[in-house]
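**Q** Next come the chains, spelled out residue by residue.
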Amino acid sequence: MIDTERQNLRDEEFLINMGPQHPSTHGVLRLMLKMEGEFIRGITPHVGYLHRSIEKIAENRTYNQFTPFTDRIDYCASMPSNLAWATAVEKLAGIEVPERAEYIRVIMVELNRIASHLIWLGTMSLDLGAVTPFLYAFREREWILDLFEMTCGQRLTYHYIRIGGVSRDIPPEFEKSCRAFIKDFRTRVDDYEAILTENPIFLGRTRGIGILPLGLAKDLGASGPTIRGSNYPWDIRRAEPYSVYNKFDFEIPTGKNGDVWDRYIVRIREFRQSCRIIEQALDGLPEGDMIRAKMPAVLRPPAGEVFSRIEAPRGEMGYYIVSNGDKKPYRVKIRTASYGNLQTLAPMSLGWKIADLVAIFGSIDVILPEVDR
Amino acid sequence: MFELDGLLSGLYKIISDWFISHDIPVVWLDLLVMLFAAAAVIAALLLTALFLVWWERKISAHIQDRLGPMRTGPHGVLQTIADAIKLLQKEDIVPDAADKKVYFWAPVVAFVAAFLAYIVMPFGKGLIARDLNIGIVYIVAITSFTVISLLMAGWASNNKYALLGGMRSAAQIVSYEVPLTISLLGSVMLAGSLSMVDIVEAQGPYFWRWYWLPQILGFGIYFVSATAEANRTPFDLPEAEQELVAGFNIEYSGMKFAMFFLAEFINAFTISAVATTLFLGGWQPPLPGLAFVPSWIWFLAKTLFLVFVLMWFRWTYPRLRVDQLMDFAWKFLLPLAFVNLVLTGLGVYFFN
Amino acid sequence: MNAIKATIKGFWNLLVGLQTTAKHLPRRAVTLQYPDERWTMPERSRGVVVLLSDPETGELNCNACLVCVKQCPVNAIYVDQAKDPETDKRYPAEFRIDNTICCFCGICEEVCNFDAIKLTGKYEFAVFNKEELIYDKARLQEIGRDVKYEPKKKKKTEKPAPKSGSPAETEPGTEISNRHNSEEAQS
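Protein chains in written order, with this note's numbering: chain W, 1 to 373; chain F, 1 to 352; chain X, 1 to 187.
Hints are not guaranteed to be accurate.
Unchecked claim - From the structure, some residues in chain W lie toward chain X, with a derived Cβ separation under 7 Å:
| no. | residue |
| --- | --- |
| 1 | P68 |
| 2 | T132 |
| 3 | E149 |
| 4 | M150 |
| 5 | H159 |
| 6 | T187 |
| 7 | D191 |
| 8 | A194 |
| 9 | I195 |
| 10 | P200 |
| 11 | G204 |
| 12 | Q273 |
Claimed, not checked - The calculated lysine-lysine pairs, modelled on DSS-like cross-linking and capped at a C-alpha distance of 30 Å, are:
| no. | chain 1 | residue 1 | chain 2 | residue 2 |
| --- | --- | --- | --- | --- |
| 13 | X | K122 | F | K331 |
| 14 | X | K23 | F | K58 |
| 15 | W | K176 | X | K148 |
| 16 | W | K353 | X | K5 |
| 17 | F | K101 | F | K86 |
Hints listed in this document are in silico derivations from the structure and should not be mistaken for laboratory results.
Note that CB positions come from ideal geometry on N, CA and C, so glycine has one too.
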């Protein structure tokens with residue numbers, strides 16, 4: 001017989017390490033879970049496994065040379081990352097982007113939003129056990145990646161949206177293929193919804209789980225679909241319009257309760273809204289061949305600072321640039337969406353089980369390179 | 001023409017005549033027959049397991065718009081053999097602090113338990129190893145064997161995650177046995193016997209006479225419970241890799257893991273075979289005029305169709321959480337199974 | 001009553017899910033069976049960097065102006081300048097690209113005024129030894145021999161007008177760092 005009193009056995013709480021390599025943490029994230037039986041009593045995320053000192057590197061590169069690095073901050077949404085940097089520098093240096101370039105940028109960013117949400121859909125349903133939507137999502141993605149490859153030559157890190165415009169004009173075959181893709185994609189989204197949205201097993205795993213109260217979300221700096229799931233229509237494209245988004249007609253989907261299912265349905269609806277935007281942009285694409293503003297050979301923005309943000313697929317991505325008039329920035333600070341969103345994981349998951357933790361983490365759509373930079 | 005029934009009885013006659021003419025006691029003949037039946041069943045099942053592994057990969061691939069194994073043999077048919085060779089040559093790691101004897105015997109128990117159910121499985125007309133008169137009860141008893149192997153594996157691995165996984169698997173299987181057994185009783189009541197051969201013969205030859213129609217509820221409950229028994233999605237949380245608790249077989253490698261793996265596939269085949277026997281008419285042909293096709297082909301076709309449905313489920317649905325799984329068994333399936341039982345009883349009383 | 005309706009609705013949705021996946025069974029798979037079937041790389045692909053040669057003379061177009069070296073964001077290029085005593089033309093004595101660092105961004109191709117360097121659609125360059133990934137001048141020229149390119153038409157050193165597609169030219173004096181030492185680049 002074990003004398004528990006004398007040996008001081010604490011048999012209630014124990015620590016589990018969900019290590020840096022785990023199929024469900026999307027990237028190298030280490031979570032220390034304080035568990036009581038099956039229930040989670042505390043989470044401590046340990047980040048930094050993917051830190052690459054991108055902000056410091058920026059101090060040693062010229063503005064144009066830094067653009068390939070922005071691709072890698074969030075490689076699933078490389079076009080918006082390029083765009084955030086370009087918009088910030090253009091604001092700082094007062095560069096005006098030609099209109100055709102703006103429309104092309106919108107098309108590319110929205111296509112990349114679809115591609116990024118497809119990764120999210122695949123990995124979240126994979127975590128929940130439905131393997132097939134993962135393969136379907138990646139099959140759709142292949143078409144988008146083919147579109148990107150024909151335009152800029154790469155399938156993941158595009159380096160396409162440059163300061164002042166875009167690097168090359170869209171090839172002639174792009175428009176037809178893009179329209180065909182949009183037409184096909186709408187039926188595919190219906191497929192995903194048929195497999196997941198009203199599925200009772202899926203509902204059981206996601207409805208009412210991991211509710212994020214709006215006040216907490218705002219305090220922790222959540223953005224994007226994470227905060228829109230809590231019935232708060234905050235979208236930078238509407239709140240502080242950039243590029244030519246004020247010319248397009250689209251809705252901001254929101255969820256009602258802030259649970260996992262709401263964040264899921266917000267992103268599914270964003271698929272359709274992005275399709276709308278792309279179609280409008282293709283219809284309204286101006287003629288001409290000015291796709292990059294004339295800029296000096298070596299860009300030396302005036303001394304000053306700027307903060308500019310855009311709506312990346314995961315939330316707000318913002319750049320704070322301090323310039324002292326030199327050809328290299330003095331300081332670049334990157335505000336990424338996943339950093340704020342990851343902070344909501346701990347309070348949201350308290351009291352739920354590990355299986356729920358996986359669902360909640362999937363619904364926040366965190367990507368670690370953004371968190372660690 | 002390919003009816004193995006006639007072939008086997010002819011063979012038996014020849015051998016028994018030889019035994020009688022040489023004055024050998026009958027017990028040797030019976031022993032020979034039993035060994036032959038066991039060997040035949042084991043061989044058939046191993047081949048089936050080989051086929052099923054390949055088939056699962058191909059079906060899952062085509063559901064997911066891809067091709068699956070294509071390079072090992074034409075269309076990847078030799079893939080399972082390649083996998084088996086790979087598992088055979090892996091290092092057999094035994095954790096230092098594991099309970100060695102229990103650790104060794106757990107996969108053996110799982111493997112043997114998977115095979116034992118086939119003694120009473122009617123593969124075709126006259127093709128049954130032993131037609132026990134308690135046929136279906138014997139099968140239900142054998143499926144409980146797997147629980148022992150899970151507990152052994154979970155405990156002996158000396159790994160708290162394996163233990164938790166083993167416990168959860170065991171709880172799941174034990175819970176789902178109750179609605180499974182009760183849903184089977186409907187068919188037993190309609191057939192009036194527990195023997196598998198009697199149930200098949202009571203169903204008769206045409207598909208509208210088989211028991212899936214009057215027992216549609218029972219069939220549904222049986223199939224869902226059996227999916228949970230075999231630890232297949234949507235009920236495979238205890239062995240999912242995405243969770244922390246990675247399942248009872250986390251410490252096993254090489255051939256021991258292969259045994260668990262094969263046992264799982266053979267279990268899937270078992271539950272389909274039982275469903276075929278009790279609800280889909282076993283080896284009976286579905287339509288008049290198709291009786292020339294050998295009976296074991298009908299059995300195989302129906303069973304493989306049900307295995308296909310199992311795979312279809314696996315690649316479509318997400319997983320249930322463990323507590324939802326238990327809720328589902330106790331609060332939903334069990335009352336429904338009782339309702340089915342009552343309705344069947346009333347039906348048998350009034351319409352017979 | 002609500003519970004029964006919810007159950008029936010759930011059951012129906014499960015069947016709809018099955019139908020959605022079954023639709024894919026008879027369809028053609030989208031798999032490309034590499035290496036028997038290969039993808040045709042689009043014309044603009046950004047893969048391995050090659051050095052282009054003049055189609056008639058067979059000599060490298062590069063005149064060692066060092067612009068690509070200085071503009072490369074990851075310092076993957078190393079060039080040694082040399083001058084031919086007879087023709088007084090500058091040429092690269094040594095041209096090394098470290099493919100373990102190159103990020104295939106395409107900046108070197110964009111800033112080159114002499115059609116000397118290009119990113120091609122080649123992607124099959126895996127090796128067993130990391131040292132073999134550092135391509136020297138001979139190798140770069142060899143893999144660039146079969147690459148078709150559109151000359152930028154400006155062979156003189158005049159300022160090219162900003163074409164739609166290329167950024168404005170950069171001053172040769174721009175530097176990333178003083179590091180031209182390739183030993184560090186290879187570590």
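**Q** Give a verdict on every hint.
**A** Hints, verified against the model:
1. Satisfaction of the interface hint for W/P68 is found here, the shortest Cβ-Cβ separation to chain X being roughly 4 Å, below the 7 Å cut-off.
2. Given the 7 Å rule on beta carbons, the hint for W/T132 holds: about 6 Å separates it from the nearest Cβ of chain X.
3. Nearest Cβ of chain X to the Cβ of W/E149: about 5 Å, under the 7 Å cut. The hint holds.
4. Interface hint status for W/M150: upheld, as the beta-carbon distance to the closest one in chain X is roughly 5 Å, under 7 Å.
5. A distance limit of 7 Å between C-beta atoms decides the matter here; for W/H159 the minimum to chain X is near 5 Å, and the interface restraint holds.
6. For W/T187, the interface hint is violated, the least distance from its beta-carbon to any beta-carbon of chain X being 11 Å, above 7 Å.
7. Using the Cβ-Cβ criterion of 7 Å, the hint placing W/D191 at the interface with chain X is satisfied: the shortest such distance is roughly 5 Å.
8. The closest approach between the C-beta of W/A194 and any C-beta of chain X is roughly 4 Å, which is under the 7 Å cut-off, so the hint is satisfied.
9. For W/I195, the interface hint holds, the least distance from its beta-carbon to any beta-carbon of chain X being 5 Å, beneath 7 Å.
10. A least Cβ separation of about 4 Å between W/P200 and chain X falls short of the 7 Å threshold, and the interface hint therefore holds.
11. The interface hint given for W/G204 is violated, since its Cβ lies 9 Å from the closest Cβ of chain X, which is over the 7 Å cut-off.
12. Among the interface hints, the one on W/Q273 is violated; its C-beta lies about 23 Å from the nearest C-beta in chain X, farther than the 7 Å criterion.
13. For the hint linking X/K122 to F/K331, the alpha-carbon distance of about 61 Å lies beyond 30 Å, and the restraint is violated.
14. The suggested pairing of X/K23 with F/K58 holds, with an alpha-carbon distance near 15 Å, which does not exceed 30 Å.
15. A C-alpha spacing of about 27 Å is found between W/K176 and X/K148, which places the hinted pair at or below 30 Å, so the restraint holds.
16. For a cut-off of 30 Å, the pair hint linking W/K353 to X/K5 stands: about 29 Å separates their Cα positions.
17. Taking the CA atoms of F/K101 and F/K86, the gap is near 25 Å; set against the 30 Å cutoff, the hint holds.
Taken one by one, the earlier hints fail for this structure at numbers 6, 11, 12 and 13, listed in ascending order.
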